[in-house]
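Protein chains in written order, with my numbering: chain W, 700 to 1090; chain D, 19 to 184; chain G, 44 to 146.
In short, the hints are calculated from the structure, not lab data.
Take the hints with a grain of salt, since some may be wrong.
Unchecked claim - Okay, the calculated beta carbon distance ranges per label pair:
#: 1; chain 1: D; residue 1: Leu165; chain 2: W; residue 2: Met1026; range: 48 to 54 Å
#: 2; chain 1: D; residue 1: Leu165; chain 2: W; residue 2: Gly795; range: 35 to 41 Å
#: 3; chain 1: D; residue 1: Leu164; chain 2: W; residue 2: Gly1045; range: 54 to 60 Å
Stated by the list, open to error - Sample of chain D residues with no beta-carbon within 10 Å of chain W, all distances over it, derived:
#: 4; residue: Phe23
#: 5; residue: Ala51
#: 6; residue: Glu96
#: 7; residue: Tyr103
#: 8; residue: Leu111
#: 9; residue: Phe120
#: 10; residue: Leu156
#: 11; residue: Glu159
#: 12; residue: Ile161
#: 13; residue: Ala162
Every value quoted in this text rests on a predicted model; they were computed, and no experiment measured them.
Cβ atoms here follow ideal geometry from the backbone N, Cα and C, with glycine treated the same way.
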Amino acid sequence: MAATIDQIFVIFANWVGGFFPAAWHAAVVDVLGVIGIVSVFPALFALTTVLERKGLGRMQNRLGPNRVGPAGFLQPVADGIKSLTKEDVVPFTANGIMHFLAPLVLVVTVFMGFAVLPVGRHMQLVDMDAGLLFFFAMGAATELSVFMAGWSSHNKYSILGAMRAIAQMISYEVPMLLSAVAVVMIVGSLSLPDIVSMQDQYSGVWPHWFIFTPWGFAAFLIFAIAATSESNRSPFDLPEGESEIVAGYHTEYSGFKFALFFLGEYLAMFALSGLGVTLFLGGWAAPFSFLSFIPSWIWFFAKVMLSIAVFIWLRGTFPRLRQDQLMNFAWKFVLPMALLDLVVTGIWRFLGPGWQQWVVCSLILIAAYVVMGRTAFAVKHFGPRRYRYAE
Amino acid sequence: MSGVFYFISAVTVAGALAAVLLRNTIHCALALAVAFAGLALLFLSLDAQFVGFVQILVYIGAVVILVVFAILLTRDSEAPNQGVYSRTWLAGLVITAAVFAFLAWAVLASLPGLPRRAVAPAASVQDIGNALMTRYVLPLEIIAVLLTAATIGAVIVAMHEKARSK
Amino acid sequence: MTPLTAYLLVAALLFAIGLAGALTRRSAILVLIGIELMLNAANLNLIAFWRYGPHPEFLTGMMFAIFSIAVAAAEAAVGLGLVISIYRHTQTTDVDQITRMKG
Chain W
700 MAATIDQIFV IFANWVGGFF PAAWHAAVVD VLGVIGIVSV FPALFALTTV LERKGLGRMQ
760 NRLGPNRVGP AGFLQPVADG IKSLTKEDVV PFTANGIMHF LAPLVLVVTV FMGFAVLPVG
820 RHMQLVDMDA GLLFFFAMGA ATELSVFMAG WSSHNKYSIL GAMRAIAQMI SYEVPMLLSA
880 VAVVMIVGSL SLPDIVSMQD QYSGVWPHWF IFTPWGFAAF LIFAIAATSE SNRSPFDLPE
940 GESEIVAGYH TEYSGFKFAL FFLGEYLAMF ALSGLGVTLF LGGWAAPFSF LSFIPSWIWF
1000 FAKVMLSIAV FIWLRGTFPR LRQDQLMNFA WKFVLPMALL DLVVTGIWRF LGPGWQQWVV
1060 CSLILIAAYV VMGRTAFAVK HFGPRRYRYA E
Chain D
19 MSGVFYFISA VTVAGALAAV LLRNTIHCAL ALAVAFAGLA LLFLSLDAQF VGFVQILVYI
79 GAVVILVVFA ILLTRDSEAP NQGVYSRTWL AGLVITAAVF AFLAWAVLAS LPGLPRRAVA
139 PAASVQDIGN ALMTRYVLPL EIIAVLLTAA TIGAVIVAMH EKARSK
Chain G
44 MTPLTAYLLV AALLFAIGLA GALTRRSAIL VLIGIELMLN AANLNLIAFW RYGPHPEFLT
104 GMMFAIFSIA VAAAEAAVGL GLVISIYRHT QTTDVDQITR MKG
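Here chain W stands alone, though its shape is the one from the complex:
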């Protein structure tokens, strides 16, 4: 019974595919998968917008939206109607085609990233041999849409915001890739369902998730910081900070195109959360072996919602980082820690099972963190102020 509910979407898709001739069966199942992705994740986006505004409101000692619907939970409907009926203002000197294409490119590449995420047992849209690489390739393609949006608007603030956003995204792409490579080293495969299957084992009651190992914990922290930065979320949201740069690269967008940008940004957050859950938090595997009767897709979405709750929590808690502090942090702290984490992962594998691997790896990582924190990021004593002018 539990297995049936677990596979209910797969069974349903195959049943619908059975009505079509055998040559079309696979295509029909794929189309149903695409319909599923395109309906579930934007619905999650709508829910997240209202949850974020209410969550941030409570953290800032105020109620969030509470007018539309019961306790304000129909706010996304009101937001949708507003976005669709607002006038679409395009600046006169803006580059028409690029201005139009930028949100489309963003949304298309982000949706393609969802194709490889294993949402449940046997529930990924495509099982590619190099699935993780495909996901990162789609993430890299979103940077281009950010530049297109910023430059085509022909607006100083847009181009500044776009440059900052791209610099931030490429700086944090490398630590993100390296922390994922640590997982790939242990699993031996780039295919995401394989990575989840390897975490689906239990020793006694405790799961074998990679976050519960020293190298996995460090890699997860690096991945979380990099993912927060890749999706331009607070505390790394200087490219779109309202008090700094109007609205950054989507200043000149209104109406439906702005809604597409908003959708693209949140979907990128979901995709990265989904990847983080798959790589480190066990994907669709249950936390304890006696909880395996709960369907796998419920566990996946529960973990993704937990990640989103942490993102919202971060946004309400930390002040914004300045751009040079951000890049400093990326290149001088996060990247060396990611490289060290790769070495530690190798040492973990080399020492083999036993207590040595836990002690040695934990000691190396903690020592590196403390040493780098004391030296590279010690409190600076400030001298007289030096002025640097733009040239």
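Please build the complex by placing chains D and G on the supplied structure of chain W, with the hints as guidance.
For chains D and G alone, coordinates are given in the frame of chain W:
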């Protein structure tokens, strides 16, 4: 040849033509991104999945961004005052036509001698990793040194001179 | 016209277009764009020959293409750094005007 191949090739060639013919340099860079995407699709149609995804990741995700940053830092996107084509454009065009004629003749003349096998080779990521660690480990290490040298070199070349003379 | 011939002709066409860009445009950055197109055309050639070649199990063509992509990325970085550096000296990216070593 299938219609998909013709469509992808048409998109790629159109992107490449736009990349070398357009007036505004940033439009050229974005057309180049379209050409790279078309090439990635051609690699995927040749069953080279790994290379196709690496093409998107490296070329579209890094090289195009580099080109765009360079255009913005050198203010190349403003209208040039002397036209976009060099003084010697005709000679360049003649040389290009000659090169293409020669290459096309070489391909078409060797038509009977070219291999015709159509079985898809198996190139899983495991095989690539194995090959990189056994047969091609020396090129891998050399590439690592080359990339390090290129990174340091690019930073030094593009650094502000005032910072160096301190 | 075998599939291999079709891919080789497309690669030759892309190579010619890249060469045209590198030889006929004024801006140094467009010369670099032409060079990138030429490198990509060569990669397409390599992968096509790997796919339709006699020994695909050695992965030679694919390895060559991967290393070519890595080298091309490094060369683009250094080349663009040089263009930026030249712009700081001569305030122009026009290759017809950077003639300081002439004569």
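Hint check results:
1. Judged by the Cβ atoms, the range 48 to 54 Å given for Leu165 (chain D) and Met1026 (chain W) is violated: they are separated by roughly 20 Å.
2. For Leu165 (chain D) paired with Gly795 (chain W), a C-beta distance near 39 Å keeps the hint of 35 to 41 Å intact.
3. Judged by the Cβ atoms, the range 54 to 60 Å given for Leu164 (chain D) and Gly1045 (chain W) is violated: they are separated by roughly 23 Å.
4. No Cβ of chain W approaches the Cβ of Phe23 (chain D) within 10 Å, the least distance being about 20 Å, so the stated non-interface status holds.
5. Taking the minimum C-beta to C-beta distance to chain W, about 6 Å, the non-interface status of Ala51 (chain D) is violated against the 10 Å cut.
6. With 10 Å as the threshold on Cβ separation, the claim that Glu96 (chain D) sits away from chain W holds: the shortest Cβ distance comes to roughly 12 Å.
7. With 10 Å as the threshold on Cβ separation, the claim that Tyr103 (chain D) sits away from chain W holds: the shortest Cβ distance comes to roughly 22 Å.
8. The Cβ of Leu111 (chain D) lies farther than 10 Å from every Cβ of chain W, with a closest approach of about 28 Å, so its non-interface assignment holds.
9. Against the 10 Å criterion, Phe120 (chain D) stays outside the reach of chain W, whose nearest CB is about 35 Å from its own CB.
10. For Leu156 (chain D), the condition that its CB be more than 10 Å from all CB atoms of chain W holds, with the nearest at approximately 21 Å.
11. Every CB of chain W is more than 10 Å from the CB of Glu159 (chain D) (nearest about 16 Å), matching its label as outside the interface.
12. No Cβ of chain W comes within 10 Å of the Cβ of Ile161 (chain D); the nearest lies about 16 Å off, and the non-interface call holds.
13. Interface exclusion of Ala162 (chain D) from chain W stands, the closest Cβ pair being 13 Å apart, more than 10 Å.
Violated hints for the displayed structure, listed by number in ascending order: 1, 3, 5.
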